[in-house]
Amino acid sequence: MLLEGYGPQLWAGTVETLELAFGSLVVAFTFGLAGAAAKLSADRRLAIPAGLYTTLIRGVPDLVLMLLLFYSFQDLLNRVTDALGQPQFDIDPFVAGISVLGFIYGAYFTETFRGAVLAVPKGQWEAAMAFGFTRPQAFRRIVFPQMMRFALPGISNNWQVILKATALVSLIGLHEVVRAGQDAIAGTSGKGAYHAFFFLLVVAFIYLLLTTLSQLVFQALERHFSLGFRP
Amino acid sequence: MNDLFQQYWRQYLWGSPGHWTGLAMTLWLTVVSVALGFGLALPLAVLRVSTRRWVAGQVWLFTHVFRGTPLSVQLLLCYTGLYSLDAVRATPVLAAFFKDALNCTLLAFTLNTAAYTTEIFAGAIQATSRGEVEAARAFGMSGVTLYRRIILPSALRRALPAYSNEVILMLHATTLAGTATVVDLLKVARNAASDYYLPFVAYGLAALLYLTVTLGLVHLFRRAERRWLAYLRPVEG
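Line by line, the protein sequences are chains A and B. Anchor point for the first sequence: position 188 equals 188 in the numbering used here, and the numbering is continuous, going up by one each time. Throughout, the numbering used here is defined as the position within the second sequence, counted from one, plus 1000.
Treat the hints as calculated values from the structure; they're not laboratory data. There may be inaccurate statements among the hints.
One-sided and incomplete, this derived list gives chain A residues near chain B with beta-carbon spacing under 7 Å [claimed, not checked]: (1) Asp75; (2) Pro93; (3) Leu200; (4) Val203; (5) Ala204.
Built from N, CA and C at the ideal position, the CB exists for glycine as well.
Please build the complete structure, drawing on both the sequences and the hints.
Have a look at this one:
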């Protein structure tokens, strides 16, 4: 039988991987915009913590941070529930995965957005101000659309990294596509050892398909946002 | 907490001679895979920009596959996947190689970093100004001399900022070695965390060590850029 009957599980794993990646992207995007705003702010009470955020997060491997944040937070939660005499509360791995991945890659998005905002000429801001826009209006209507053109290569890169990083969260108990592949290997181990190789190839191929597709989407987006800029 | 430090500090840093663990293993994995990856990437980058399309296409396929799939899956394929094949087990040389976790880890890491490095170098080679190449040709330089004297020295310099990023990402990627039973820094931290139920201390210690090495690398590459990219620095004043 095709995929030894593990097709539905692998499909469910792929969907879970995509949900995780999209969820993390939204969280990371938000952290990135807020981080970039804080880092570019004239207010040092905002700029310094944002600088620390990007340096510390980007200086430590994502897997270490993932385990550190996930287990420390659970540990803290257990101590709190113990002290209150409540039953143990387990963090939902899906929510944990999205928050942790989003928080980590938010630091990379911060740098992407900071660079992109700086790449928009100052005159654009000034012209918007001269037309009576408030700063948030100027950002939303004038700077943001132009900034996206500079940010897209970075966003595309970060998205690919997030997509591949979802492969790590099987370590904190999520049933994404790598775990589905491993389940399939465990379930077929009696039928010949080559299944391990086969299912891992299938998983790798699914990832390759996802990254290739997203590459094509980003190429189209880059064309869209560069309208009027091509030589 | 003190118990954790006392029992594990040596394992966090270097383990013991013959049984290198922790930071020493992490650094060794990084240095070896980056060095081997560099050696592979240099010729591959030259082939990647070849005008013969089937040559360039094959290298593109290699980088596309290795950059388009997670390193953790590549490592799994190398470590558990290949050894599950009868053909591999029946060939003594292959069986001996793939049975060893460290070999598989180094192979996966090397091929992965080679793929990223190839694209970085190929991009830099393509960005070499045409005039330099034409001038060299006018001086009668052959392909090999042209690359050795003109293209590579300037391309590798220009690749330095992107390459430094790749080296740091490789350092961070070595954390996957633990999934193939190699006792690197993160693996020691995981053992310590489960021994003492102190995840924050155990992982925090590893995070600090990784951060220190990363900042050290950033510093080294910044000095290298100041030295080799001095001619690209904006003039001050």
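Does A:Ala204 pass the interface hint, meaning its C-beta sits closer than 7 Å to a C-beta of chain B? holds (5 Å)
When the least beta-carbon distance from A:Val203 to chain B is tested against 7 Å, hint result: A:Val203 check passes; min Cβ-Cβ to chain B is 6 Å, inside 7 Å.
How about A:Pro93: closest beta carbon in chain B under 7 Å, or not? violated (15 Å)
Tell me if A:Asp75 is really an interface residue toward chain B, meaning its C-beta lies closer than 7 Å to one of theirs. Interface hint status for A:Asp75: holds (5 Å vs cutoff 7 Å).
Using 7 Å as the Cβ threshold, decide whether A:Leu200 counts as touching chain B. holds (4 Å)
In summary, the one numbered hint that this structure violates is 2.
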